[in-house]
Amino acid sequence: MPSAPAGTLYRGREGMWSWVAHRVTGVLIFFFLLVHVLDTALVRVSPEAYNAVIGTYQTPIMGLGEIGLVAAIVFHAFNGVRIILVDFWSKGPRYQRTMLWVVVGLFVVTMAGFLPRQLMHIFGGN
Amino acid sequence: MAATSPDLAAPRSPYARKKVTRTNYELYSWMFMRASGVVLIVLIFAHLWVNLVAGEGVNAINFGFVAGKWASPFWQVWDLLMLWLAMFHGTNGVRTIINDYAERDGTRLVLKLFLYLAFTVVVVLGTLVIFTFDPCPTDAPADLLASFCTA
Numbered sequence: 795m796p797s798a799p800a801g802t803l804y805r806g807r808e809g810m811w812s813w814v815a816h817r818v819t820g821v822l823i824f825f826f827l828l829v830h831v832l833d834t835a836l837v838r839v840s841p842e843a844y845n846a847v848i849g850t851y852q853t854p855i856m857g858l859g860e861i862g863l864v865a866a867i868v869f870h871a872f873n874g875v876r877i878i879l880v881d882f883w884s885k886g887p888r889y890q891r892t893m894l895w896v897v898v899g900l901f902v903v904t905m906a907g908f909l910p911r912q913l914m915h916i917f918g919g920n
Numbered sequence: 040m041a042a043t044s045p046d047l048a049a050p051r052s053p054y055a056r057k058k059v060t061r062t063n064y065e066l067y068s069w070m071f072m073r074a075s076g077v078v079l080i081v082l083i084f085a086h087l088w089v090n091l092v093a094g095e096g097v098n099a100i101n102f103g104f105v106a107g108k109w110a111s112p113f114w115q116v117w118d119l120l121m122l123w124l125a126m127f128h129g130t131n132g133v134r135t136i137i138n139d140y141a142e143r144d145g146t147r148l149v150l151k152l153f154l155y156l157a158f159t160v161v162v163v164l165g166t167l168v169i170f171t172f173d174p175c176p177t178d179a180p181a182d183l184l185a186s187f188c189t190a
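If you're matching them up, the sequences are chains Z and Y in order.
Just remember that this note's numbering sits 794 ahead of the position in the first sequence, which is counted from 1.
Just remember that this note's numbering sits 39 ahead of the position in the second sequence, which is counted from 1.
Covered, in the sense of this in silico footprint (three residues per stretch, anywhere, with C-beta under 8 angstroms from a C-beta of chain Z), are these stretches of chain Y:
#	stretch
1	78-86
2	90-101
3	127-137
Keep in mind that the hints were calculated from the coordinates and are not lab data.
Ideal Cβ placement from N, Cα and C applies to all residues, glycine included.
Generate coordinates for the entire structure from the input sequences, incorporating the hints supplied.
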């Protein structure tokens with residue numbers, strides 16, 4: 795494998811940065827998934843053990859972490875649909891840049907719906 | 040003057056695409072990422088809605104909440120499908136990233152061994168938990184259990 799290739803293949807702009815964001819969010823979600831299966835597995839230990847650990851998910855700091863998690867999942871999901879359209883829709887490559895801004899728009903709308911709901915759950919006492 | 044075509048020698052050999060791999064493994068992996076991705080959007084968005092948005096959100100989750108869901112085969116199958124598809128999708132994604140950035144053969148081997156070990160442990164553990172789960176353990180205090188355990 796060649797090390798230190800001459801120049802760079804990275805072109806910047808929407809195409810590259812959406813690809814970077816897709817990788818970063820994917821890795822974050824994957825590591826959360828590993829932890830999430832382990833914490834859920836505590837239901838096989840005892841109700842007390844599960845409740846103790848899931849209780850830490852209900853603290854304000856973890857509540858903010860859940861906002862980050864949902865943001866990562868929502869972007870990864872919407873941008874994943876964009877990747878599928880680029881690959882399989884005949885006009886996909888031509889509209890890849892437009893579609894990224896559609897992804898960003900849908901992301902903002904989805905998070906605008908989730909954010910107040912989650913903040914209410916974390917700080918509103920219900 | 041009659042037009043004559045020049046007498047060209049035949050090419051040495053007809054063009055043939057050189058086969059560099061034995062199987063279409065990477066093609067199937069690429070297809071799988073797209074197919075599983077679409078299914079995962081449905082599975083995970085519903086999971087997030089039920090567990091984080093609806094009702095009291097994350098505050099409602101406790102042992103009784105999980106017992107209520109897994110008392111139904113619907114959520115057992117839902118969560119099993121989500122576990123398997125997400126683990127295959129995520130593991131395959133991290134495999135691609137390792138192949139892209141780890142340049143030394145030894146580094147790639149070690150990282151992928153850890154990855155596949157994590158995959159196996161999490162998938163086996165998660166599957167066993169879903170199917171061996173007891174929603175009403177007899178030795179647990181009743182106030183921690185779902186209401187249908189005492190009814």
